[in-house]
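Asker: Take a look at the letters that make up each chain.
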Amino acid sequence: MQNNSMGVFLLFIVVLLLSPLAEASETAKDNYRTYCMQCHGMQGTGMGLNIRDMSVQPRDHTDAKAMGGRTDDEIFKVIKEGGFAISKSVLMPPWGDVFTDDEINDLVKYLRDLCKCKFGG
Amino acid sequence: MKRLLFLVALIGFVTPAPVGAGENGSKILQNRCAKCHDLTGPAPQTIRKLWERDAPDLFYAGNKFRREWLVEWLQKPVRVRPAGVNYLRTINSAPVRDAEEKDKNYDVLYGAVLRPLKHLSLKPAEAEATADALMDLKAHSDLVAGMQLDRNKKVDLDRGEVLFDKVYGCLSCHQIEPGFGGYTGSELYTAGRRLQPAFMLSYIKRPKNWDPKIWMPNGNVKPDDLQKIVNYLILLSKEDFNAAN
Chain A
233 MQNNSMGVFL
243 LFIVVLLLSP
253 LAEASETAKD
263 NYRTYCMQCH
273 GMQGTGMGLN
283 IRDMSVQPRD
293 HTDAKAMGGR
303 TDDEIFKVIK
313 EGGFAISKSV
323 LMPPWGDVFT
333 DDEINDLVKY
343 LRDLCKCKFG
353 G
Chain B
21 MKRLLFLVAL
31 IGFVTPAPVG
41 AGENGSKILQ
51 NRCAKCHDLT
61 GPAPQTIRKL
71 WERDAPDLFY
81 AGNKFRREWL
91 VEWLQKPVRV
101 RPAGVNYLRT
111 INSAPVRDAE
121 EKDKNYDVLY
131 GAVLRPLKHL
141 SLKPAEAEAT
151 ADALMDLKAH
161 SDLVAGMQLD
171 RNKKVDLDRG
181 EVLFDKVYGC
191 LSCHQIEPGF
201 GGYTGSELYT
211 AGRRLQPAFM
221 LSYIKRPKNW
231 DPKIWMPNGN
241 VKPDDLQKIV
251 NYLILLSKED
261 FNAAN
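Heads up: the sequence lines are chains A and B, in that order.
One gets the working numbering by counting positions in the first sequence from 1 and adding 232 to each.
One gets the working numbering by counting positions in the second sequence from 1 and adding 20 to each.
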């Protein structure tokens, strides 16, 4: 029994030591501010710094009606694989190489907070 | 004798010391550049660290820049990134109404990026020496080792722009002529003169290999298109843009 406790303790120490080596997960807010805001804007309304010369305007994330028309899975997919993956504009690039799946799931929740909506209303 | 000494002293005073004898390129880098630029790496590994960056990383400058461009730019620096190196510091938190486009309230640039770039200018000999020292900073050689530009994969400017804008959406963040395109990426109308082809191929292929937290995505550019886009950027840089010179 004592050996078991010791083993668990040692495992805990090893995990603790290794954790800084693992890829750090960023918060959804930091990810949104760094990657999404450049086009979707500081207010999340789709009025980002980059949009002036775009042929298709970025989605307004505060638009409950439009955002409510998308399932969480669709939002996950468009972030990970880009607009093209759901037959929308290529101007939304794929972010799958930037975010982990967990980070994308956090972003989906963050977007649901922004639109104050869920799928279907 | 006194007159001779005075003459020697005077000659010593008015003759500029050769750069090699005084502050060589490496010393210029250490003394004048290292305060803002990272000369040793690694690049920021977290978003918080990314936001602390004040100037472009230079620790892989020798695998990134073309020496001729460095020599020219160091003597006459102009802004490469329309929104600065850290766009979070340069966008307006209170979007303003654009009189010409009534229904648009979009984020705008403010502050230092609206004025000409503030950066020290070097004298010709200093610029040459500093460019040499920068070309010796060769981190990430592994990333450019297998990268070879295929000049047969040519496109004209129109087809290049279609790839750049309509297929991969690069124009969203990058300008292909002064004032046309996005702001948060570096301007690309001088990229062909500024950057080594192997670097462009490698960076576009996977930006995070060079800069793990940078806000440029990996667009999964197909190998043939990658070659065409870099050939397009080289062709584009031969256009005569006033702001580019």
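Calculated from the structure, these hints are not laboratory results.
Keep in mind the model is a prediction, meaning the values are calculated, not measured.
Virtual Cβ for every residue (Gly too), placed ideally from N, Cα, C.
Hints are supplied without guarantee of correctness; some may be wrong.
Result set (DSS-like, lysine-lysine): computed pairs, CA atoms no more than 30 Å apart in a straight line [stated by the list, open to error]: (1) A:LYS312 to B:LYS186; (2) A:LYS297 to B:LYS186; (3) A:LYS261 to B:LYS258; (4) B:LYS174 to A:LYS320; (5) B:LYS186 to A:LYS309; (6) B:LYS173 to B:LYS158; (7) B:LYS228 to A:LYS309; (8) B:LYS69 to A:LYS261; (9) B:LYS55 to B:LYS173; (10) B:LYS186 to B:LYS143; (11) A:LYS261 to B:LYS228; (12) B:LYS158 to A:LYS309; (13) B:LYS173 to A:LYS320; (14) A:LYS320 to B:LYS228; (15) B:LYS69 to B:LYS173; (16) B:LYS138 to B:LYS158; (17) B:LYS96 to B:LYS55; (18) B:LYS143 to B:LYS242; (19) A:LYS350 to A:LYS320; (20) B:LYS228 to B:LYS143; (21) B:LYS228 to B:LYS173; (22) A:LYS350 to A:LYS297; (23) B:LYS186 to B:LYS174; (24) A:LYS312 to B:LYS138; (25) B:LYS55 to A:LYS320; (26) B:LYS96 to B:LYS138; (27) B:LYS55 to A:LYS309; (28) B:LYS96 to B:LYS143; (29) A:LYS312 to B:LYS55; (30) B:LYS225 to B:LYS143; (31) B:LYS228 to A:LYS312; (32) A:LYS341 to B:LYS69.
Short, incomplete list of chain A residues facing chain B, as computed with Cβ under 8 Å [what the hints assert, rightly or not]: (33) TYR264; (34) THR266; (35) MET274; (36) ALA317; (37) LYS320; (38) GLU335.
Asker: Quick one: which hint numbers does this structure break? Sort them smallest to largest.
Answerer: 3, 9, 10, 12, 15, 18, 20, 24, 25, 27, 29, 30, 33, 36, 37, 38
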